[in-house]
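Engineer: Take a look at the letters that make up each chain.
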Amino acid sequence: MIRFIRTLIQARQRAPLPLRLTRRRIYILPTRAGMVFAFFLLAMLVAAINYTNNLAFLLTFLLGSISILSAIHAYANLAGLELESARLFPAYCGDDARLQLFFRAGGRERRRLGVRVGTAEDSFSMPARAGREMDLSIPTSRRGLRPLGQVVISTRYPLGLFRAWSPLILPVTGLVYPCPLAADRMDWRSLHGEGDEGALGTVSQSGEFGGVRPYRPEDGLSRVSWKASAKGGGLFAKEFRSGVARTVVFDWYEIRVSDYEERISLLAGLVREAERQGLSYGLRLPGLDIAPGSGMSQAHRCLEALALMPEGS
Amino acid sequence: MIHDKRRFSITLLALALAFAPHLPHVPIFVGIFVCAAWGYALGMQYRGWPVPPRWLRVVLALGCLALVLFTYGRSFGRDAGVALLSLMLGLKAVESKSVRDMLALLFLAYFVVVTNVLYSQTLVMSAYMFFSVMAVTAALVHLHSGESRLLPDLRRGGLLLVQALPLALLLFVFFPRLQGALWGVHDQRDEGVSGFSETLEPGSVANLSLSREVAFRVDFPGPIPDRDSLYWRGLVLDSFDGLTWFRDLPVELAQSRSENFSQQAVPYTLTLEPHNKEWIFALDLPVFAPRGTVLRSDRTLAGMRMVSSRSRFELVSDPAPEQTPLPGPAWIALPEDGNPRSRDLARQWKDSGLSPAEMVAAALELFREGGFVYTLRPGAMAADIVDQFLFATRQGYCEHYSSAMAFLLRAAGVPVRVVVGYQGGEENPMGGYLIVRQSDAHAWVEVWVDGRWQRVDPTSVVAPQRLVTGVESFVPQGQGVLLPEGIRALRQVGRFFQLGWDAANNSWNQWVLGFSHERQRGLWERLGIDPTTIAGAGKLAAFLAAGLCLTLGVAFAVMLRSRQGERDQVALLYGRFCRKLAAIGLARKPAEGPHDYAGRIGRQRPDLGQAARDVIDAYVALRYRGSGDPAAFKRLIEEFTGRTF
Numbered sequence: 001m002i003r004f005i006r007t008l009i010q011a012r013q014r015a016p017l018p019l020r021l022t023r024r025r026i027y028i029l030p031t032r033a034g035m036v037f038a039f040f041l042l043a044m045l046v047a048a049i050n051y052t053n054n055l056a057f058l059l060t061f062l063l064g065s066i067s068i069l070s071a072i073h074a075y076a077n078l079a080g081l082e083l084e085s086a087r088l089f090p091a092y093c094g095d096d097a098r099l100q101l102f103f104r105a106g107g108r109e110r111r112r113l114g115v116r117v118g119t120a121e122d123s124f125s126m127p128a129r130a131g132r133e134m135d136l137s138i139p140t141s142r143r144g145l146r147p148l149g150q151v152v153i154s155t156r157y158p159l160g161l162f163r164a165w166s167p168l169i170l171p172v173t174g175l176v177y178p179c180p181l182a183a184d185r186m187d188w189r190s191l192h193g194e195g196d197e198g199a200l201g202t203v204s205q206s207g208e209f210g211g212v213r214p215y216r217p218e219d220g221l222s223r224v225s226w227k228a229s230a231k232g233g234g235l236f237a238k239e240f241r242s243g244v245a246r247t248v249v250f251d252w253y254e255i256r257v258s259d260y261e262e263r264i265s266l267l268a269g270l271v272r273e274a275e276r277q278g279l280s281y282g283l284r285l286p287g288l289d290i291a292p293g294s295g296m297s298q299a300h301r302c303l304e305a306l307a308l309m310p311e312g313s
Numbered sequence: 001m002i003h004d005k006r007r008f009s010i011t012l013l014a015l016a017l018a019f020a021p022h023l024p025h026v027p028i029f030v031g032i033f034v035c036a037a038w039g040y041a042l043g044m045q046y047r048g049w050p051v052p053p054r055w056l057r058v059v060l061a062l063g064c065l066a067l068v069l070f071t072y073g074r075s076f077g078r079d080a081g082v083a084l085l086s087l088m089l090g091l092k093a094v095e096s097k098s099v100r101d102m103l104a105l106l107f108l109a110y111f112v113v114v115t116n117v118l119y120s121q122t123l124v125m126s127a128y129m130f131f132s133v134m135a136v137t138a139a140l141v142h143l144h145s146g147e148s149r150l151l152p153d154l155r156r157g158g159l160l161l162v163q164a165l166p167l168a169l170l171l172f173v174f175f176p177r178l179q180g181a182l183w184g185v186h187d188q189r190d191e192g193v194s195g196f197s198e199t200l201e202p203g204s205v206a207n208l209s210l211s212r213e214v215a216f217r218v219d220f221p222g223p224i225p226d227r228d229s230l231y232w233r234g235l236v237l238d239s240f241d242g243l244t245w246f247r248d249l250p251v252e253l254a255q256s257r258s259e260n261f262s263q264q265a266v267p268y269t270l271t272l273e274p275h276n277k278e279w280i281f282a283l284d285l286p287v288f289a290p291r292g293t294v295l296r297s298d299r300t301l302a303g304m305r306m307v308s309s310r311s312r313f314e315l316v317s318d319p320a321p322e323q324t325p326l327p328g329p330a331w332i333a334l335p336e337d338g339n340p341r342s343r344d345l346a347r348q349w350k351d352s353g354l355s356p357a358e359m360v361a362a363a364l365e366l367f368r369e370g371g372f373v374y375t376l377r378p379g380a381m382a383a384d385i386v387d388q389f390l391f392a393t394r395q396g397y398c399e400h401y402s403s404a405m406a407f408l409l410r411a412a413g414v415p416v417r418v419v420v421g422y423q424g425g426e427e428n429p430m431g432g433y434l435i436v437r438q439s440d441a442h443a444w445v446e447v448w449v450d451g452r453w454q455r456v457d458p459t460s461v462v463a464p465q466r467l468v469t470g471v472e473s474f475v476p477q478g479q480g481v482l483l484p485e486g487i488r489a490l491r492q493v494g495r496f497f498q499l500g501w502d503a504a505n506n507s508w509n510q511w512v513l514g515f516s517h518e519r520q521r522g523l524w525e526r527l528g529i530d531p532t533t534i535a536g537a538g539k540l541a542a543f544l545a546a547g548l549c550l551t552l553g554v555a556f557a558v559m560l561r562s563r564q565g566e567r568d569q570v571a572l573l574y575g576r577f578c579r580k581l582a583a584i585g586l587a588r589k590p591a592e593g594p595h596d597y598a599g600r601i602g603r604q605r606p607d608l609g610q611a612a613r614d615v616i617d618a619y620v621a622l623r624y625r626g627s628g629d630p631a632a633f634k635r636l637i638e639e640f641t642g643r644t645f
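Taken in order, these protein sequences are the chains called B and U.
My numbering applies: residue 1 is where the first sequence begins, and numbers increase by one.
My numbering applies: residue 1 is where the second sequence begins, and numbers increase by one.
Derived from the structure by calculation, the hints contain no laboratory data.
Wrong hints could be hidden among the right ones.
Unchecked claim - A few chain B residues that don't get close to chain U, going by computed Cβ distances all over 10 Å:
hint	residue
1	P18
2	T119
3	D251
Claimed, not checked - Label pairs and their computed distance ranges (CB to CB):
hint	chain 1	residue 1	chain 2	residue 2	range
4	U	W49	B	Q13	19 to 29 Å
5	B	R20	U	A104	33 to 43 Å
6	U	H595	B	A130	16 to 26 Å
7	B	R142	U	K589	37 to 47 Å
Unchecked claim - Here's a subset of chain B near chain U, in silico, CB distances under 7 Å, partners left out:
hint	residue
8	R3
9	M44
10	L181
In this text, a Cβ means the ideal position worked out from N, Cα and C, and glycines have one as well.
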């Protein structure tokens, strides 16, 4: 039953992007301080009745009205806020994934809105019609797809007596790469296949510089030839003359590590290291072959494949 | 968060504003302690002074409690409570670390503001209280806004207060008032407010006549009666001991005669300043006793309780005296001896067969023709005061004249009594009501003639202008130097403001402080609500709910309205421009900036290039540089969209 209700509530919180906070998504309740204040007011009211003191009545009602109005102000601080986009960038397991939210203020200024996802939280203000990017660091603990979970946008402005909040479940899923084994822990020699030269190939520490060509986004920043680019006319990337030793394919079946997850970690570490060194690399996994290549997109393709490996048996 | 020193000092500032009016009420040591604690708390924030250890704070708290108990002893009332609250404010500031602590401090500040009403409810103080509520609210906003500037938060605090006012007033008017307290209220008001005296001692020198303090205010729904008929009766004095007239006879209560009063009966509302006695000064011959008062057989009104707070009475008075039976011998009683010459004069009158009315005329004749002078400095007299006044000094003020006249008539066997009260009053043209001051205190006599107690004011024959202009015309004016025109004009201006201020105070007293159970009932009746019936109560609830919805709805609409400012206007106009161009196939691309757009228009339609460039330059200036004239931009747009291409 409780499960059912939770599902129902979560269905209500599911929010397509871009979204605008409206009354259907905003909840408001007194804070603990608000409760204490209500008690204060009650005491004042009793005193005013007892002393039949009209000025005390007036002040009590004034304070009461102010607190009721502060609820409206809190609501207005949240209502109409637009969340234009949300991106959860991939991260290695154990690192913090960057959540990038882009808000638009709409027609009113916004004061001290808090954003919380799990344990990560931050707050921001912005003037009317402004846009603002908020970055949150989301901790990751295991590889694979990571649904963002609930994002709560809340405010206690102006008086702290009420908290208006909006729980959102955004259609955002991040990818958590496997935790890569550190490069210095890898024994490159052990990776060499005993007889099968073509599978792993040899690894040379640096490629032979062959010249520059126009930059493509998938090249990655490490390939940018800053010297050539500085002359103007767009970015250029360094090109390495391809040789026998500069293409490497990491083969799942060649890794002599028995633990399933550790094998994934090792492969992730290899991919990262290969990318860092500007090699051309490929990956062979059970049921999946990734042709050699290099650059950010190649790294992402390989790491994604590793991240999405089924749970080990 | 509290390392945000600024927020902390602003919290303290709001607290200080709320606390300031209490400084005169709390003992000196409390004031010093609070200021020192706040100073130390600021030092902790700005200079990194150490946080006092826990044991020290406990010791300080207990010490404060002990001091308060020692100072006030068992009578733990208002003053002790406020002193304790103040000490708490000091201690709490020193141990404040978090936002929650500051929140607690500001709640306490609100509470401190409200405790001020126990001391003063004047217009000025009330205005100050509203100001401090605003200050505390702004400090609360500042605590939660995350802003570094204070001004927007001040503005928000003010906005909250302004929006809250209608709702507060609605609740104020409709929240049911009870009659009387829920539990006993210890009254700490000071005794003996100076005012009019309950005996008449012509020998003592007048100082009362010079006090400008307000005794009461009167609001007539109709025109204010002539000034010389305004006799506000306070107390009837029936006995004389040779020096003093006083009240001695047992008080009897009279019946109200609500059914048969004459055409000239005048309704009015009397708002009496507290004087800590029971007298209520009604215009002569009140017709009935309003709730909480009794009507005595001498037709004076008295409260059932002391008038210890400002009180309002709805009264009706009838100027025509009523028939009464012949009063008893007590009303002609005099001391055995003393004042022989006056007694001789009275005997002459009696022996020559004058009727009581003729004797009154004779006495007035004596005052008018006998060389009597009205003065506020008659000099003191010790014995045979009536003889001395009538035959030697011949100068005095109302007390001397009424005392002498009453003595003469009593000696001649005519029942007579002395009445003390007020005469006249000053009309405030700004409020349309009458202000009666302590300086208007007066004494006159009432003589039983033709079966009625008839008012006779001997002072009026000596100093007729006393009745018209008030006693002030008798106050010695310096050395008799005529004041220059300028200063006279200045005085007039001063008087204007004084009257305006009194009118403001009076409205405050009448409408806010004096809003009682009875007046609330009256208001409800006018709205057709009878809260004793179920339908009436429902109506009341409906009224309240409708008002709540209305005020909150308006606030809601105001808050949710987006600011359609100038900049938006610019965007709308630019949108029109772009749509016009889109119609001829020159739609702006989503990623195209204004300058690129202008360039493209110029390339594709050279004929429009310059006009479009002008519009876009004006747009860029308004949008991004914040300069330029929106009206000129509007003209440009209209010109452009008005074209036909």
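Engineer: Hint by hint, note whether the structure agrees.
Structural biologist: Verification of the hints:
{"no.": "1", "hint": "P18", "verdict": "15 Å, holds"}
{"no.": "2", "hint": "T119", "verdict": "18 Å, holds"}
{"no.": "3", "hint": "D251", "verdict": "44 Å, holds"}
{"no.": "4", "hint": "W49/U with Q13/B: 19 to 29 Å", "verdict": "48 Å, violated"}
{"no.": "5", "hint": "R20/B with A104/U: 33 to 43 Å", "verdict": "36 Å, holds"}
{"no.": "6", "hint": "H595/U with A130/B: 16 to 26 Å", "verdict": "22 Å, holds"}
{"no.": "7", "hint": "R142/B with K589/U: 37 to 47 Å", "verdict": "44 Å, holds"}
{"no.": "8", "hint": "R3", "verdict": "35 Å, violated"}
{"no.": "9", "hint": "M44", "verdict": "6 Å, holds"}
{"no.": "10", "hint": "L181", "verdict": "42 Å, violated"}
The earlier numbered hints that this structure contradicts are 4, 8, 10.
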